[in-house]
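Student: This is what each chain is made of:
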Amino acid sequence: MLLYILKRLVTVTPVAFGVSVVCFLLVHLAPGDPLSAVLPADATQQTIDEMRSAYGFDKPLPVQYAIWLWHVLHGDLGVSIATGRPVAQEVGRAVVNSLILASVATLIGFTFGTFFGFVAGYKRNSLLDRAASALSVFGVSVPHYWLGMVLVIVFSATLGWLPPTGAGPDGSGNWRPDIEHLRYIILPTVTMAVIPMGIIARTVRALVADILGQDFVEALRAKGMSEFGVFKHVVRNAAPTALAIMGLQLGYLLGGSILIETVFAWPGTGFLLNAAIFQRDLPLLQGSILVLAMFFVALNLIVDVMQTALDPRIERA
Amino acid sequence: MTAPLTAASVALDGNLAAAPDAPEAFVASRGFWGHVGHRLVRDPVAMAAGVVILVVIAIAILSPWITPMDPYKGSMLRRLKPVGDATYWLGSDELGRDMISRLMLGSRLSLFMGVTPVLIAFVLGSGIGILAGYVGGWTNTILMRTIDVFFAFPSVLLAIALSGALGAGIFNSIVSLTCVFVPQIARVAESVTTGIRRRDYIDAAKLSGASAFTIMRVQVLGNVVGPIFVYSTSLISVSMILASGLSFLGLGVRPPEPEWGLMLNTLRTAIYVNPLVAALPGVAIFLVSISFNLFSDGLRSAMEIRQ
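Chain order of the listed sequences is A and B.
259 is the number that our numbering gives to position 259 of the first sequence; each next residue is one higher, with no gaps.
136 is the number that our numbering gives to position 136 of the second sequence; each next residue is one higher, with no gaps.
Some hints here could point you the wrong way.
[Unchecked claim] If you anchor each label on the Cβ, the simulated ranges turn out as follows:
no. : chain 1 : residue 1 : chain 2 : residue 2 : range
1   : A       : L107      : B       : L276      : 28 to 36 Å
2   : A       : T47       : B       : R254      : 51 to 59 Å
3   : B       : V51       : A       : E227      : 28 to 36 Å
[Claimed, not checked] Computed, partial: chain B to chain A, Cβ under 8 Å:
no. : residue
4   : L157
5   : I160
6   : I290
Treat the hints as calculated values from the structure; they're not laboratory data.
All C-beta atoms in this analysis are idealised placements derived from N, C-alpha and C, irrespective of residue type, glycine included.
Taking the hints into account, I'd like the entire structure generated from these sequences.
Tutor: Written out as structure tokens, the structure reads:
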């Protein structure tokens, strides 16, 4: 097992390296000089040159990359142009908020998704099965930012039950697990949970239907095992794949939360990215994307290793 | 995600599975695509979705001539009229412009920005995937490892990061979305191509003296295009949602051009005054996106491709 983890680490290193190159190049993809957003329009050529050498933009790209990577590996993601605070600090705070949102949403999505998936897989072509597949098509087809707006319209604007935006009543931007803050997390997490719910329901339905059709289930029933006993076997067979899908969905939600966070003004990475883009705060943009992408790479690795550990059918090649 | 399958086995399965419910299929040989069309016509959900898509395309093409009112002309006195108003059938927006006219004209940009990236990515992704899958070796390693890097980004993040760096605009949005979909399509194309490259008919073509390029163009492309096409159609719905999402964030279409995502954004302030009107552009995105998904699902089962 340890050998397998090491092997996976070796294969993931080039990917992580590639990700860092893409993030680095993002800044240079921007039209014009990366400094043009910071400098005043009437800056003299001398000021421009001084700034270029101060930020190291006069060096060749590979050298710039090496310097940047060296700093990143030491936890230094640069300084935000807009706030003047270290990017690492800003991103760190936002990631916690996003992680809370994405984890709760994944949990809700997983709970309901597996429930609908199991029901649909057991009672195939029943009314419940149809409802479950309709739900999963809905989940992948609905523009979630619009769903968020609709929920705000219904539960905040019309019924007045829940707050429409923010993470808490004091507007501090730090979420805490108490009743008052809980009211703020309901709408964004429910909105977010719809996507993984649909995908998980679909996967679990297919898994359960497949497992129930296998010979060993027939054998278990033939030897007189109770339906609950058979159910436990089905769960054990479906679990590794279902859990893997859940882990990947957590990553997708964390990286894709920008639209939902914008709708709900949730102080997470999506909100930070949005600010970075519109203030042309390139170090902040680069830093938040790098952190999110690296998190996704790490999550993929963890999911992979866990799936292999849980599922004896997968060869540890 | 996509089960390793070969186009040849798909064609075979398609014929076999079509047999029980369509015995006449043995008499009249329709060919693979004929069977797919035949099965698709018998799928009411896919057909309904197809009709919705065709109607929206027709509206998009004809909208400059058939909108009931001028979609750009506002009126400060007639802002945010409710749905069912005598003059504004679907109400008016925050600047007093007719909603139904804007929704109709908005279908142009929304559809264009949703479908174009997938079309371009279909061509580029298939090309890269087939090349990597057929040539194999180092070419495969280099191409596929590069694609792995793009897979390390969740697609929403990649789209937003690229458009954020490139700057707002229709062209930049299309470029970013294309970059999101090329790796996904290329990966499917590569796995399908790898599945058939050792088939006898490839060897036969080689022995007959065909060049590698000709084999890729004729033998390989002809046999892998079906699964890649189905996979690509399933991406249109994602692309529509993402493209409108970019405009919703202010990274795509700029005002006063009507586009559903942008309309949704500018109407966000109106949810307390006229919630129904504010939600309308999202209904349009949802309707088109779910239609593409259902049609793609229908196409998938008509071609007997398992997920």
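Student: Are the hints correct? Go through all of them and say.
Tutor: Against the structure, the hints come out as follows:
1. L107/A to L276/B: 28 to 36 Å: holds, 33 Å
2. T47/A to R254/B: 51 to 59 Å: violated, 32 Å
3. V51/B to E227/A: 28 to 36 Å: Distance hint for V51/B, E227/A is violated at roughly 43 Å.
4. L157: Holds: closest Cβ of chain A sits about 4 Å from L157/B, inside 8 Å.
5. I160: holds, 6 Å
6. I290: holds, 4 Å
Of the numbered hints stated above, those contradicted by the structure are hints 2, 3, listed in ascending order.
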